[in-house]
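Join the two chains into one complex using the hints; note that each chain is given alone, in its own frame.
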Amino acid sequence: MSSDPDKLVAKADKLTKLTLTRWSADWRNATLNYEQAANAYRVAKKYEKAKDAFEKASKGQEMLTSPWDAAKHMESAAALAKELGNWNDVADLYRRASELYVECGRAQPASDALGKAARAVEDHLPDVAVQLYTDACSLLEEDDKDQMAFDLYRALTAVHIKLEKYTDAAAALLRLGLAADKCNASNSQFKAYLSAIIVYLYANDVKAAEKCYNDCSQIPAFLGSDQGRCGSRLISAYSEGNVEEIKRVAQSSTITHLDHAIIKLGRKLPTGEVTAVKAGTEEGEGLDEDDLT
Amino acid sequence: ALLFAALAKHKLRSRSTFSAQDPRARLSRRSTGGLPRCNTETGEMSVIDILTRVDAICNKYDKYDVEKQKNLNVSGSGDDAFARGYAAVDAEIEAALEKAELASKEKSKASTVALNAELRRTKAKLLEEVPKLQRLAIKKVKGLSTEDFAARNDLVLALPDRIQAIPDGSAAAAKQPGGWGPSASHTEIKFDSDGRFDDEYFQESEQSNQFRQEHETRKRRQDQGLEMISEGLDTLKNMAHDMNEELDRQVPLADEIDSKVDKAASDLKNTNIRLKHTVTQLRSSRNFCIDIVLLIIILGIAAYLYNVLKK
Chain R
1 MSSDPDKLVA KADKLTKLTL TRWSADWRNA TLNYEQAANA YRVAKKYEKA KDAFEKASKG
61 QEMLTSPWDA AKHMESAAAL AKELGNWNDV ADLYRRASEL YVECGRAQPA SDALGKAARA
121 VEDHLPDVAV QLYTDACSLL EEDDKDQMAF DLYRALTAVH IKLEKYTDAA AALLRLGLAA
181 DKCNASNSQF KAYLSAIIVY LYANDVKAAE KCYNDCSQIP AFLGSDQGRC GSRLISAYSE
241 GNVEEIKRVA QSSTITHLDH AIIKLGRKLP TGEVTAVKAG TEEGEGLDED DLT
Chain P
1 ALLFAALAKH KLRSRSTFSA QDPRARLSRR STGGLPRCNT ETGEMSVIDI LTRVDAICNK
61 YDKYDVEKQK NLNVSGSGDD AFARGYAAVD AEIEAALEKA ELASKEKSKA STVALNAELR
121 RTKAKLLEEV PKLQRLAIKK VKGLSTEDFA ARNDLVLALP DRIQAIPDGS AAAAKQPGGW
181 GPSASHTEIK FDSDGRFDDE YFQESEQSNQ FRQEHETRKR RQDQGLEMIS EGLDTLKNMA
241 HDMNEELDRQ VPLADEIDSK VDKAASDLKN TNIRLKHTVT QLRSSRNFCI DIVLLIIILG
301 IAAYLYNVLK K
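Sequence lines, in order, name chains R and P.
With my numbering applied, the first sequence covers 1 to 293.
With my numbering applied, the second sequence covers 1 to 311.
Next comes chain P alone, as it looks inside the complex (with noise of 0.2 Å):
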């Protein structure tokens, strides 16, 4: 024992990695080993940090305990690291089934609840597994027969579905259609009929028949009205395009006009204005006056010689 705190503490002193300490999460960092290091700063180290370095060496170094080895059962074959996590993942759907058993006889339905609810974390987390334990069961390790070998990989396979099976409560909607696997999570198309494709798929039912001949129907009357709507349409563009054009060429045409029309006006007015003066010239008033006292004058004078000659 003395031996192995010695070779810890070296080991420690090289190690440079320091990670969250999770039971599990050990599993998967074993090849790193990564082990708590002190706190640089003040050099202490917390009891937690002891503890779980500690669990951390003792779980490195229990391939030299041959106790524990004899224990462990599954594969009969001692040092692999898949037969160690097919170990603790057999443990771990074990320990889920005996607490789906638990929930089923509950009579209160909140903590039913927070058990399935349970339940389904674990078995999220267990999956999240299979794929390394998948890795590693196709690694070949010495002093393994083939047989055995083979089996491992059914034995991985087989995992997912015995996940799965964990009854938590919503098992109803868990069965997948075989062939899909473990990729419930992407998004696939999916079909109503369960994949089978066979020739009764395919078959013309009498109502897709009628459907189908309704729409042609319509779809030809539509057709038909929109033809005479194009033609009308086409009618309009072209008694559009010859209006611009007429437009066009009474532009200039309108344009004369208005320039000689302004001159006749123009004219009209000079002419007015010459008109006034020459009538207020002949009939002004002081002309009136004018004749009617030499007209007066005239009378007297005839008065005067008709009064002379009469004498």
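Chain R with its partners taken away, still in its complex shape (with noise of 0.2 Å):
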């Protein structure tokens, strides 16, 4: 057998095609020789060929009844479309490896294969994230796996925020927490609901944060622990207008425990005009894009 990639690919491609000689295509020294290319490509720094071998390797195992190998290989091709910088080939062949891992009836790398996809092309196609990241978590919860999905509703809020979408964001959190509720994980429930609150405090809507709070309070365990009081001490200030006050909460240990991305809009807390009755219409302030490393 010649190491030449470019010669395994021609061989293993006259192996599968049908012609007069051959009636049936020979599936496994195909793949063989697809995936021998493939490394040899990927040696050799040449990803666009690898990433077509890989393709094609993988196609030959689906055609052997292996989808485990068939998305193994999938992946491989994606992560090397990830270097070439195709993010629609990156969102693409990620999506296929996860069709073949449910095929295998393995919903966690399935989701996994999701969550690489979604960070590889968040920073580029945001939307095609926030609709792989939600995918992945659909996935895991259909599976009863939600301890799982804790992560991944954490980089979709993290999204969201980048985008400015804040009412997607705290919808987010929200998912989180019930997440976190069915498989009492309380701690991370807790912190969810007071992420929401922050958020929709950032976008300057109390009564929404005030609404969310009260939702959240329906559950006994919140009001008592130290996320929930740290909330209400939050909404309490907002209603007073006590800038002091927002700001002192703002930075206590509590705020301190929950993710970066909210710690960042905590500190910026409060934002807009703080009127002790209604809450003013003005809209938060924008993003500093420095701060969002």
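These are calculated hints, taken from the structure and not from any lab test.
A quick note: this is a predicted structure, and the numbers were derived from the prediction, not measured.
By construction, the Cβ of each residue, glycine as well, lies at the ideal position given by its N, Cα and C atoms.
One should not assume that every hint holds.
[As the list claims (entries may be wrong)] Restraint-style ranges between C-beta atoms, simulated for each label pair:
no. : chain 1 : residue 1 : chain 2 : residue 2 : range
1   : P       : Gly232    : R       : Ser236    : 23 to 33 Å
2   : R       : Ser217    : P       : Gly232    : 23 to 33 Å
3   : R       : Ser138    : P       : Arg221    : 27 to 37 Å
[Stated by the list, open to error] With a cut-off of at most 25 Å between alpha-carbon atoms, the simulated PhoX-like pairs for lysine-lysine come out as follows:
no. : chain 1 : residue 1 : chain 2 : residue 2
4   : P       : Lys263    : R       : Lys145
5   : R       : Lys145    : P       : Lys260
6   : R       : Lys247    : P       : Lys132
7   : R       : Lys264    : R       : Lys162
8   : R       : Lys211    : R       : Lys145
9   : R       : Lys7      : R       : Lys45
10  : P       : Lys60     : P       : Lys132
11  : R       : Lys268    : R       : Lys247
12  : R       : Lys145    : R       : Lys207
13  : R       : Lys72     : P       : Lys237
14  : R       : Lys182    : P       : Lys132
15  : R       : Lys264    : P       : Lys263
[Unchecked claim] Some chain P residues flagged as far from chain R (calculated, every beta-carbon gap over 12 Å):
no. : residue
16  : Ser111
17  : Ile189
18  : Phe211
19  : Gln213
20  : Lys237
21  : Asn244
22  : Asn270
23  : Ile301
Structure below.
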């Protein structure tokens, strides 16, 4: 066997093409050749060719009815696409890989694949990233693996905050709270609720924040917890219009234990006018790009 | 006198209570008129009973004894209980004072102590009498002028002081501040400065100022330290919670790993057994011997053929 990847690819192609002399494609050998070629290309840093080789190898494995290997090859292809910077390709390849994983009946790697995809594209195609994250979370939730979904939700929230879509961010946090509730992870749940309240306050939507707080207070444990108390202090400080108090609460240690993105929001409170009775209708301050590294 | 005795007998039969005969206590039971009764079982009376009974009767009918009344002197009005009571107490006080004088003159310590103890007992008893006298003093009696009435109250009030004044060897501690009255037996809040709460008392002294400042600084420093500790604890708590959740997350994963590894181990075991069977089959000693024997036979045949061909 020649180790020249081009030749290998050519040979494999020949094996798979149906001609008069060949009635059925020899996928096993072909797949072997494709894999070898792909590895050779990767070492030679010919990412485009390597990516193609991996795709073909994956197809071969599919034909050999081993979706696991197929998915693995797809993932490798997608990683190479990331190196190339074809973001759409990346998203597609990872999606395909995830589907294959689901075929295997393994939800965890499927959502992992989607997560990797989202992380790769979130800088360039944030909406696509949002979609990917949401799909990943639903995959896990269907499989009752909520615990793993926490990280994904948090990443999703960060993306929303970057896009300044605060209601979406708060909604994501509340879904995090729901997932945490299902697995009795009370600490994470309460932190999620407090983060949601802070996000609402940052968006200067005091009414929504209050409503959120009231909803969350339906859970008796939240009321008595550190995070609940912190939330109530924030709300009361806002309704009193007491800027000093807001700043003081924002510096407290409870907030420091939340996610980085949320801490940054918290330190920037209060935004806009803080009137004693009703919240002002001013927009929140624009996010400083430098801060959100 | 005969008439009196008859009256007494009649009274005796109608009386029903018997009580211990203490000459002083009789004063208080004047109104009930408790008289001793004869022993109902045997109908006899002991000498003591008779004596006490006669005493009681005499006391009861003292008021008819004109001569005796003339000897009573204190308030000049004849027939009221207060005067009698007061006279009795007065006499007691005099006696006590005499005893006190004796005690002070005594040379031997033991007898002094004994006398002092007696004096104290007497004083206590007298102090008990005073409230009753007070009650009596308030009662209006006919034939008494208003001045006398007022005087009575004052006399009764003065009694406790006079009783306390009887020296009994512990006089030094007995003096009570004015206004507390005969409530020495109650537990009251005791003030160092004898109850004088004037301006000077509430002035801040330098000492108290310094002390307060030191207290404040110490408290502030403690508060700071406690705040640091509290923050550290908060962080610890948060970390512990996160660890808890992480471990919860890992539990099902570990279970999966466990079952998978178990399956792999059993697979390996099976494979090993089969391999052993195959190997023994292939390379058992029996087969070896058969191989060697066959080889020897083949060699023998070859040698034989060689021999035949050489010929």
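- prompt: So which hints don't hold here, by number, going up?
  reply: Hints 3, 6, 8, 12, 13, 14, 15, 20 and 21 are the ones this structure does not satisfy, whereas the remaining hints hold.
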